[in-house]
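Participant: With the hints as a guide, bring both chains together as one complex.
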Amino acid sequence: MSDTPKPRSSSRRTFLRGAAVAGGAAAFGGAARAGPDPAITELQPWMQTLGDGVDARPYGLPSRYEADVVRKDVPWLTADPVSSVNFTPLHELDGIITPNGLCFERHHSGVAEIDPAQHRLMINGLVDTPLVFTMDDILRFPRENRVYFLECAANTGMEWRGSQLNGCQFTHGMIHNLQYTGVPLRLLLEEAGVKTNGTWILPEGADAAAMTRSVPMEKALDDCLVAFKMNGEALRPEQGYPLRLVVPGWEGNMWVKWLRRIEVGDKPWQHREETSKYTDLLPDGEARRFTWAMDAKSVITNPSPQAPLTHGPGRTVLTGIAWSGRGTIPRVDVTLDGGMNWQQARMSGPSFDKSMHRFYFDFDWDGRPLLLQSRAHDSTGYVQPTKDALRAIRGEKSIYHNNGIQTWAVNEKGVAENVEIS
Amino acid sequence: APDAGFGLGRPATPEEIAAWDIDIRPDGQGLPVGSGDVATGEEIYSQQCSACHGTFGEGVGRWPVLAGGEGSLGSRDPVKTVGSYWPFLSTVFDYVHRAMPFGNAQSLTDDEVYAVTAYILNLNFLVEDDFVLSNETFAEVEMPNAGGFFMDDRPEAELPQFSGDACMTDCKASVEITMRAAVLDVTPDEGSADDEEL
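Line by line, the protein sequences give chains W and C.
Numbering-wise (the numbering used here), the first sequence opens with residue 745 and increments by one.
Numbering-wise (the numbering used here), the second sequence opens with residue 2 and increments by one.
For reference, chain C alone in the conformation it holds in the complex (with noise of 0.2 Å):
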């Protein structure tokens, strides 16, 4: 135990940290060593994500859209999917396997995650269909929306000009209502006779 504290709680064992340290970074610290190839994930897929992603991961209902969208960020509809958003590829990986498939999560080896990471880039075609992810060829792999993020900035670009005085009186000269909610008439329990009950 440390010197300084309390003196409470004991030292974790190797293998308890290795039991739930499974986080990945972008540099690659994290990642366990392993393999898997597209054709494998396409498997994988098919079996375990596609009822849910779609055969092409083009999302059924409303579940997530894994690939396409691209170039659609600086439309109206963006379609914000691995390929045309996520910056890093080391979080495809962290997260398929810490929570993937959804009600089944921590179910998938290293190697079917390195596999099923392999097929969701190549539904993003970003690899080629004879491509093998691995612990060695990670870095290889380019996010194109790698660029696309930037620090919060609302202290610099938002803080200065909605700070000081606040008009009082005499604000505007007359408003208009513009938009109702009403009309939409989506909410739950307060619309039309034939909503749910909740």
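Bound conformation, chain W alone (with noise of 0.2 Å):
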């Protein structure tokens, strides 16, 4: 195709092009220009001739200028790309949901393409009467809607022994933040009726990876969905269809996807993904196990390393997303100095549960270099920490769980950089 739009942008390079001449530009800011402006006197081809009908896109995409706007992956961090993982476009997103097509994966053993007729759901183990349900069958059950973050346990995983990825899709982008159509897993253990001795389940994954994890009995029965729906649409064969587990502010290993079998027993099974793999070392060598709820987190999202200040001085919008597994984020906290001083940004739109928030900051940017940072407090009282107050707990070492404060330095040409501070 010749028309085929180059990204908007694709490398540094453009980036500091793109800084540079918006600098230069910058001095106009708001001023009159010297002529009239094309895009207003010259008849563009879209004012004169006829768009598509309505039957040439059956399933819509986004317009061919948001091309650059798709999940990315960093090929060095695994051995193949079958096991292994890609990140949200968080710094092209707003709002607080994440569209289907841009929600990170993670595979174990690449993407199951499972034929929904012949998708079962079988509970057994502790239970009155082993069930087997079909698709047919979860539709009959009462659903629910809900909308919550899936944040994998190991977002910001790489950045333990300090910064090395530039931009916060990929050092913030293994989440994704949907509305949830679902059956309550309590209802499902209900219809086969839980033992008294039941107080773990194992939920299975349908994949060649035949994904196991044990959850206690109590957040089984709490707010854990067996979901079907994502923003409205069946899920995406990579996030699950037909079915995949929903459990709310716990690590996104848990909510084992194309979901055929939920084991009920009396103990954890220790299985790899709960012994090698999702457990966090410590100095000492000793690790942390069944390291479930994700705390409070997060990052501006704009400016960012991906995402640079092009206008130059003058009035900034600054906007960011924040999260917490144990509750909601009522408050947000901005620094533009790298923390000596802090102010509180502006939370805009829903305020769920265990889901993404999002906040905003409106500022004069007065040309300046900027450290930027954000503070998220959750609704238990819990204020994200930084990346050094992490580490003198848990050392460098642990993987998963960094929810430390994000810095990124905004150099006066308004270029966005991954950076540590003192």
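Do not rely on the hints blindly, as some may be mistaken.
[Said to hold, decoys possible] SDA-like, lysine to any residue: derived pairs with alpha carbons at most 20 Å apart:
id, chain 1, residue 1, chain 2, residue 2
1, W, LYS1157, W, TRP1086
2, W, LYS1021, C, GLY8
3, W, LYS963, W, GLN1014
4, W, LYS1157, W, ASP1106
5, C, LYS173, W, PRO1113
6, W, LYS963, W, THR943
7, W, LYS963, W, LEU1026
8, W, LYS1021, W, VAL826
9, C, LYS173, W, ALA823
10, W, LYS1157, C, VAL184
11, W, LYS939, C, GLY8
12, W, LYS1011, C, PRO33
13, W, LYS1021, C, GLY149
14, W, LYS1021, C, ARG155
15, C, LYS173, W, ILE1165
16, C, LYS173, W, LEU1115
17, W, LYS1021, W, LYS1141
18, W, LYS939, W, MET961
19, W, LYS963, C, VAL142
20, W, LYS1141, W, LEU1026
21, W, LYS939, C, ASP131
22, W, LYS1011, C, ALA140
23, W, LYS973, W, ALA856
24, W, LYS939, W, LYS1021
25, W, LYS1141, C, SER73
26, W, LYS1141, C, ALA140
27, W, LYS1021, W, ALA823
28, W, LYS939, C, LYS173
29, W, LYS1021, C, MET152
[What the hints assert, rightly or not] Taking CB as the label site, the calculated pair distances span:
id, chain 1, residue 1, chain 2, residue 2, range
30, C, PHE57, W, ARG1112, 53 to 59 Å
31, W, ASP966, C, GLU137, 36 to 42 Å
32, W, PRO860, C, GLY75, 44 to 50 Å
33, W, GLU934, C, VAL184, 52 to 58 Å
34, C, GLY35, W, ASN889, 45 to 51 Å
35, W, GLY1058, C, ALA174, 26 to 32 Å
36, W, GLY1058, C, THR179, 28 to 34 Å
37, W, PRO825, C, ALA19, 33 to 39 Å
38, W, PRO789, C, VAL61, 52 to 58 Å
39, W, ASP1110, C, ASP171, 18 to 24 Å
40, C, VAL184, W, GLY976, 43 to 49 Å
Since the hints were made in silico from the structure, they are not lab data.
For every residue, glycine included, the Cβ atom is placed at its ideal position computed from N, Cα and C.
Facilitator: Right, dumping it as structure tokens:
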């Protein structure tokens, strides 16, 4: 295609050029331009010719000018792309809902492509009657709609030893936030009848990794869902079509995709993903296990290394996201000077339990370098710690659960960089 | 069907449960009757595992290391393997059986899984060359790092410390940049000209 648009922002070099040009133009900010604007005085093709009909796009995709708003991966992170991860383009998004096609993916044996007519959910173990459900059966249970974030336990894990990846997509993009439609897990378990000694469940996936995690019964009966819709439509294959477990506030690994079986037992199973993986090594060589909850965290998505300030000094919109696995986010603080002084950001949009929250800080940028940070407060009173405060307890090799405060250094040209500060 | 509930679903048959319920627990629950020795395991391993995991479990490229790393957990660069890190033998059997070889999962028979598990233990110097692993001898194997894990203690160790008032003004006298991601320059699509386009 000859008219394939060039991605708007595909390299740092493009950023630098764009920022330099914008910096020069900024001197004229708000002033009258030299001549009339051809975008107004010249007839553009879309003003004259006919566009596509309603039959052209049965399932629509974003504008071609948004071609760079895509998931990206980091090839050196994993041995191969099948048991690997990619990243949500947080710097290009706003609000709190992640578009289905941009939700980061984490697979252990690739994307299972499941025929829903052949999909079964079994409940067995310490139950009165082990049961098998078809998808038609699942769709006959009472449903609920809930908005939750799913954050990979390893999100920001590459940053434990310092600044490594340059962009919030890469440092914080193992997260998405969706409205799920599903059946409370409690109803399915009650249908089978959990025996009194049934204190744990083992959800299992239908893919070749046959992912398993042990989940305490208290959580299973509290707020877990067996979901079949995301943002109103069927789950995407890469998100577990036709059925996945939703474990609000807890590390993404437990949200078993392609859910085919739930066993009830009286002890945890201690499987690979809760012993070898998803255990957090501390400095003395001992490791935490069952670190389920994702603690309060935030990140400024704009400006950020992939989203520099290109408009020069003056009115500036700073925005970002915050979330907590232990509740809501009533407040986020923002600093422009590396934490010497803080101001409260403005929260905007719905505030749901264990969901992503959107904050804004509107300010006049004086053109001087900035050291930007955000600090989330959750509804339990917990305040997002610095990375150094976390390292003082956990060291640098725990891989998972890095919710430390992120710093972006913005220079006088508006270019942002991932840094650590004193 | 149970008395309570919506009357949805139907009872699972014993054959169906047997086909899917293959999970193993540390106490041995779920272990099938069977056995395999180190030598047989070495043969299977060399054919089906070593291309990724290395001849001695050392891992090829970024594929997982299965052996070695003893005593490294407290160091700056821990090597977490079956021998150095995994707390339970049951996890090895369960995981190899359910998910390995990568790309050909659940292709090994119960006896083959016992044999490969025995060989991985042998690679970690946890059993002798003539060891035979079976549902009977399973409990004899001691995993060195069995005591190396403790329950999430963030509620006591972190939450109180990280809760409460936050400083808002004059929180520190000065700020210095101590580390920059651009120096490392490993971000795809943002780095040097010879980076592959994603």
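Participant: Would the hint linking W:LYS963 and W:THR943 be met if the CA-CA limit is 20 Å?
Facilitator: 10 Å, holds
Participant: Holds or violated: 43 to 49 Å for the Cβ distance of C:VAL184 and W:GLY976?
Facilitator: 44 Å, holds
Participant: Take a quick look at whether W:LYS939 and W:LYS1021 sit within 20 Å of each other, Cα to Cα.
Facilitator: 30 Å, violated
Participant: Does the Cβ distance between W:PRO825 and C:ALA19 fall inside 33 to 39 Å?
Facilitator: 34 Å, holds
Participant: Hint check: W:LYS963 vs W:GLN1014, CA-CA at most 20 Å. Holds or violated?
Facilitator: 17 Å, holds
Participant: Go ahead and decide if the range 36 to 42 Å is satisfied by the Cβ distance of W:ASP966 to C:GLU137.
Facilitator: Holds, since W:ASP966 and C:GLU137 (Cβ atoms, about 40 Å apart) stay within the stated range.
Participant: For the pair supplied as a hint, W:LYS939 and C:LYS173, confirm whether the alpha-carbon distance does not exceed 20 Å.
Facilitator: 57 Å, violated
Participant: Keeping to a limit of 20 Å between CA atoms, is the pair of W:LYS1021 and C:GLY8 held or broken?
Facilitator: 39 Å, violated
Participant: Given the hinted pair W:LYS1021 and C:MET152, is their alpha-carbon gap at most 20 Å?
Facilitator: Holds: W:LYS1021 and C:MET152 sit about 15 Å apart, inside 20 Å.
Participant: C:LYS173 and W:PRO1113 were given as a pair; does the straight-line alpha-carbon distance stay at or below 20 Å?
Facilitator: 18 Å, holds
Participant: When you check the alpha-carbon spacing of W:LYS963 and W:LEU1026, does it fall within 20 Å?
Facilitator: 26 Å, violated
Participant: So if I understand the rule, the pair passes when the alpha-carbon distance is 20 Å or less; does W:LYS963 with C:VAL142 pass?
Facilitator: Violated, at about 33 Å.
Checked against the numbered hints above, the structure breaks hints 1, 2, 7, 9, 19, 21, 24, 26 and 28 and satisfies the rest.
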